[in-house]
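Asks: Those protein sequence lines, which keep their order, are chains A and B.
For the first sequence, position 17 matches number 17 in our numbering, and the numbering has no gaps at all.
For the second sequence, position 37 matches number 37 in our numbering, and the numbering has no gaps at all.
Take these hints with a grain of salt, some might be off.
When chains are identical, the list treats them as one kind, so a pair holds in a single copy or across two.
Stated by the list, open to error - Below 30 Å or equal to it, Euclidean Cα-Cα: the simulated DSSO-like pairs (lysine-lysine) are:
no., residue 1, residue 2
1, 104, 20
2, 104, 147
3, 109, 20
4, 109, 18
5, 145, 104
6, 145, 109
FYI, nobody ran anything at the bench for these hints, they're computed from the structure.
There are 2 protein chains.
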Amino acid sequence: MEYQVSAIGVIHTPYATKEKAPIQGHFHPDATGTIEVLAEFAEGLLDIELFSHLVLLYHFDRANDVELVRHPFLDDAPHGIFATRHPCRPNGIGLSIVKFLERKGNLLKVSGIDVLDGTPLLDIKPYVPRFDCFPEASEGWFEGKEKREKPPGRE
Amino acid sequence: MEYQVSAIGVIHTPYATKEKAPIQGHFHPDATGTIEVLAEFAEGLLDIELFSHLVLLYHFDRANDVELVRHPFLDDAPHGIFATRHPCRPNGIGLSIVKFLERKGNLLKVSGIDVLDGTPLLDIKPYVPRFDCFPEASEGWFEGKEKREKPPGRE
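Next up, chain A with everything else stripped away, as it sits in the complex (with noise of 0.2 Å):
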């Protein structure tokens, strides 16, 4: 099974290299964008505000080859690729849960971000609590795992 997918926006946010990207927005809540939804699109954000956070979908657009096991940032040791976040996975999506602060016309601002500036959005819905918070989630193997700089040629 194949199909294509094409942006139905862009991301803007302060980070211009993977370098300066942060590994998690969780680590960095503070951390503002704006997401750009593509005109022909705008139409569906109606009722958006309804809602304080938000999932995105996006495209890791410059991520590099695929490694099915690999050492993923926050961990010295390798685990297999859907064992991690690691931008370099099959299909290539990123997902994020951001809050939601303002919406002007197509554009949504948005806090705890942690994508690169310019990355294709793929897809926007609705945080739900009862649907996506399980508080009694183990944390594998990110437990203990604390804020850190992403090890230099870990990609």
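Starting from the structure of chain A, add chain B where the hints point.
Replies: What follows is chain B alone, placed relative to chain A:
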């Protein structure tokens, strides 16, 4: 920006038809399904057993045409598609968070699944509460919406 995505596996569930599939896994926490990852990607599952919950991204392969404003299943008022989780959306990418029960090779047994049998799998990510759980988030128009049957002819 356009690019090609292709299935890394297939999701097996008890739901053969749209009418039988639940609106959200939240309403059917005991429903189980099996994620079958293609052999060529199985190596990427290393350490996935460390996690209790997984994020699944998949293709709504039997969705109808996109309508940017539409009635979702859980409400009788229309909303913009990006303020709903409806399958008929640009790029047709679905997201579900499921409970991980058991792994046998490239087969992952999960519960709380809400997708159609045979749905093409695009990605698996570990669910990490620190990154993904926002109990303070608003429910938007989902507030107070409880489990119900899909309204007939709604898609």
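Asks: My question is about residue 109 and residue 20: at a cut-off of 30 Å on alpha-carbon distance, are they close within one copy, between copies, both, or neither?
Replies: within (20 Å within a copy, 38 Å between copies)
Asks: Using 30 Å as the alpha carbon limit, work out where residue 104 and residue 20 are close: within a copy, between copies, both or neither.
Replies: So residue 104 and residue 20 pass the 30 Å test inside one copy only (27 Å; across, 39 Å).
Asks: Given a CA cutoff of 30 Å, do residue 145 and residue 109 count as a within-copy pair, a between-copy pair, both, or neither?
Replies: Cα proximity of residue 145 and residue 109: in one copy and across copies (29 Å, 27 Å).
Asks: Using 30 Å as the alpha-carbon threshold, which applies to residue 104 and residue 147: within, between, both, or neither?
Replies: neither (32 Å within a copy, 34 Å between copies)
Asks: Please work out whether the CA atoms of residue 109 and residue 18 approach to 30 Å or closer within one copy, between two copies, in both situations, or in neither?
Replies: within (21 Å within a copy, 35 Å between copies)
Asks: Reference check for the pair residue 145 and residue 104, CA-CA at most 30 Å: within, between, both, or neither?
Replies: Classified as between: cross-chain Cα gap 28 Å, same-chain 37 Å, threshold 30 Å.
Checked against the numbered hints given earlier, this structure breaks only hint 2.
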